[in-house]
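Given chain A's structure and the hints, the job is docking chain B onto it.
Number of protein chains: 2
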Amino acid sequence: MEAGNPTACLLVIGNEVLSGRTQDANIRFLAVKLGERGIPLREVRVIPDIAATIIKTVNETRAMFDYVFTTGGIGPTHDDLTSECVAAAFGVPWEPHPEAWSRMERSYKPGEFNAARQRMATMPRGATLIDNALSVAPGFQIGNVYVMAGVPRVMQSMFEWLAPRLQGGPRIEQRAVHAVGLPEGVIAEGLGAIQARYPQLDLGSYPFYRPGGNGVALVAKGTDVAAAEAAIAEVTAMITGFGKAPIPGEPEG
Amino acid sequence: MEAGNPTACLLVIGNEVLSGRTQDANIRFLAVKLGERGIPLREVRVIPDIAATIIKTVNETRAMFDYVFTTGGIGPTHDDLTSECVAAAFGVPWEPHPEAWSRMERSYKPGEFNAARQRMATMPRGATLIDNALSVAPGFQIGNVYVMAGVPRVMQSMFEWLAPRLQGGPRIEQRAVHAVGLPEGVIAEGLGAIQARYPQLDLGSYPFYRPGGNGVALVAKGTDVAAAEAAIAEVTAMITGFGKAPIPGEPEG
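Residue numbers (this note's numbering), protein chains in the order written: chain A, 19 to 271; chain B, 19 to 271.
Same shape as in the complex, but just chain A (with noise of 0.2 Å):
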């Protein structure tokens, strides 16, 4: 793992994707781009519209992380709960924010403000707000916790826009090769014996179902760049002896 770089959960609040009405699009797009600001996602948790249960699993988590990134549960609706559960778990009153309340003022006509959207403009006290270009709703930061959209297109530009204001590690890099007409149970020696002359690494061995050929794609993941590609080095050796053909990267598709 990457001892040396700050960690991140995410909090996927809804139960939209407890219930399977919706296919999450979120973790992929976070732990990519976390990946890529040095920030290892570490766990996720997919937790219902339920307040306890919101609040305990806030607490819990930013006592274990770095950084919680929370999605869904910020729009104008009874199912909404994200904001004033962070606001109890911080043990802070929430109130009108008031940058946020006078953007969404200014942004309706007369007596379209009303209270249900007066509520996305609430928020725990001593939040700073997360931009985005699509609404004019923000998300919001208090201490290590931002509450981002739930909708992957809000949320995406909201986190474009933190993005640069997060402090990171060093990225995580990852390299891979992959080969047709091996299965994982004869590499597995050989692979374990890799992994452990590069403890520093993660090494990763993920079989592959296609029509063109079942086989497996080994992916060393880390800081250490040159680590990573002694490593694949090595495996691709391995699968040479083998007798078969290593093919550099990921099976595609």
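Honestly, the hints are just simulated from the structure, not real lab data.
One or more hints might be untrue.
Which copy? The list can't say, so a pair holds if one copy fits it or any two copies do.
[Claimed, not checked] Heads up, simulated SDA-like pairs for lysine to any residue below, C-alpha to C-alpha not over 25 Å straight-line:
#, residue 1, residue 2
1, K51, P24
2, K262, E130
3, K74, E207
4, K127, G56
5, K74, G144
6, K74, Q218
7, K51, N232
8, K74, N162
Using the frame of chain A, we list chain B on its own:
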């Protein structure tokens, strides 16, 4: 929520989802299938291939939920730690499972049932097997923990075998209506009032953004089908009251 139903938690075990290498495909499948069995999925945790994390998470969640399902980490390579970690979580020996061992031994040519493959027939003492139609390597159950493969088609085959053997509750049903051109902020107040009249349901509000027009989908979920239909009828009337055309069901695509 479905107060009388048994509850489930899913642990997605593997660095490949946390690094963004792999788009998870197991959460949604299990969410839908468990809902059909009347076992609502209440939490998902995606965790890395780190023994201490797996052991701690298995113990936390098996105390919190009626069922814990795991996917991933039961292959033959060094990064497959789930099985031995589940044994450690239960405080039982991790030892050859006689039936799994003999099945796997028979399926390989002499000499090919090597140490790495033998690990796949090594399980917590007291485990019972979970079969599948695609692979000779089984999953297993111990206590309320169900350990399955991470490869989606193998996991799905295991779950299809398992599903009729799970004690479920009343099936969780969904009814829905949607409308184009109706912002959440307009309907939030009325929607909250409808939710308050149907406390046995989860009434969810999900904005969508489509080339054919933005809008919102309203979904009533629960075991009380008559209540779900009545709630959606009230939502439908509300949409009409705002001068928009209610469209039964979820938006397509």
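We went through each hint and held it up to the structure:
When the C-alpha separation of K51 and P24 is checked against a cutoff of 25 Å, the pair qualifies only within one copy, where the shortest distance is 14 Å, while the shortest distance between copies is 37 Å. In the homo-oligomer, the alpha carbons of K262 and E130 lie at most 25 Å apart only across protomers (17 Å), although the nearest pairing inside one protomer, at 67 Å, exceeds that limit. For a Cα distance limit of 25 Å, the shortest separation of K74 from E207 qualifies neither inside one copy, at 42 Å, nor across copies, at 27 Å. Taking identical chains as interchangeable, the C-alpha atoms of K127 and G56 are never at most 25 Å apart, the minima being 43 Å within one chain and 45 Å between chains.
Proximity of K74 and G144 under a CA criterion of 25 Å is satisfied intra-copy only: 20 Å inside one chain copy versus 33 Å between copies. For the identical chains of this complex, K74 and Q218 are inter-copy neighbours only, at 23 Å across copies versus 33 Å inside a copy, given an alpha-carbon limit of 25 Å. Proximity of K51 to N232 under the C-alpha cut-off of 25 Å is found in neither arrangement, the shortest distances being 29 Å within a copy and 27 Å between copies. In this homomeric assembly, K74 and N162 come within 25 Å of each other (Cα to Cα) both inside a single copy, at 15 Å, and across copies, at 23 Å.
Checked against the numbered hints given earlier, the structure breaks hints 3, 4 and 7 and satisfies all the rest.
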